[in-house]
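Novice: Sequence:
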Amino acid sequence: MENIDERQILVVGTGSEARIAADIYTAMGHVILGFLETDPDRNIRELNDVNVVGHYDDDAAKAVLKDSRVEFVVAVGDIAERVRVYSKLSKRAKRPSANAIHPLSWQSPYATLGFGNLFNAGVVVNANTVIGDMNHFHSGVTVETDARIGNYCNFSAGVRIGGNVTVDDAVFIGTGAVIYPGVHLGEGCRIGAGSVVLRSVDPRKKVFGNPAQVV
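Residue numbering for the sequence shown follows the numbering used here, starting at 1 and increasing by one per position.
The set of hints was computed from the structure by calculation and includes no laboratory data.
Please note that the accuracy of each hint is not assured.
DSSO-like mimics (lysine-lysine), calculated; alpha carbons at most 27 Å apart, straight line [as the list claims (entries may be wrong)]: (1) Lys66 <-> Lys88; (2) Lys66 <-> Lys91; (3) Lys88 <-> Lys62; (4) Lys91 <-> Lys62; (5) Lys94 <-> Lys62; (6) Lys66 <-> Lys94.
Okay, the calculated beta carbon distance ranges per label pair [unchecked claim]: (7) Pro181 <-> Asp58: 45 to 55 Å; (8) Arg199 <-> Ser68: 40 to 50 Å; (9) Asp202 <-> Asp67: 40 to 50 Å; (10) Ser200 <-> Asn51: 13 to 23 Å; (11) Gly176 <-> Val83: 44 to 54 Å; (12) Gly182 <-> Ala121: 41 to 51 Å; (13) Arg199 <-> Asp49: 23 to 33 Å; (14) Thr112 <-> Gly29: 37 to 47 Å; (15) Gly194 <-> Ala121: 16 to 26 Å; (16) Pro40 <-> Ser68: 39 to 49 Å; (17) Arg45 <-> Val196: 39 to 49 Å; (18) Gly186 <-> Gly29: 33 to 43 Å; (19) Gly163 <-> Lys66: 27 to 37 Å.
Yeah, the Cβ is synthetic: ideal placement off N, Cα and C, and Gly gets one too.
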């Protein structure tokens, strides 16, 4: 963990989201410095031919994160764990998580993007959309114009977000779901895979089906 250059990245996490983040940074031409584990009970030594260099709360990790040349991304799928881990790391590093934007994704120059977001290949974000921080967009997600996305959301592969949709914080949307234009998804709600959401969903509700109904 020496001779760190400013193009090197620490990926925080060792699950599927971390593997995706590593693939994205490789496609961007960045060097993965290593992975940091978030679960002390896991004992993974290597991902994608890159070493797991320790736990994110270890002294060695703390020292590396203090180096302003090191970028980090929190690639943790579980939303609550992502909130917890990032809260600690951002205070320690005194800077936000980097964005991981696949070169085969597309964002309108008239869209606004926060920090710590993960965009896999095929993600399309259209004009006048505002996206907050620490969201994960998997392959093939489309966000139409004038949408408003909060923080710490998960958009599974193939999700379609209609125009003028509002998505509050910590929302999970399952694979292939369609959110119709003008819908408001309340904080912490969960949308089942393949659902077609025609009406707004209250905070922390779970909906499923076509048309989607509260479960």
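Novice: Looking back at the hints listed earlier, which ones does the structure fail to meet?
Specialist: Hint check: 10, 11, 12, 13, 14, 16, 19 fail, others pass.
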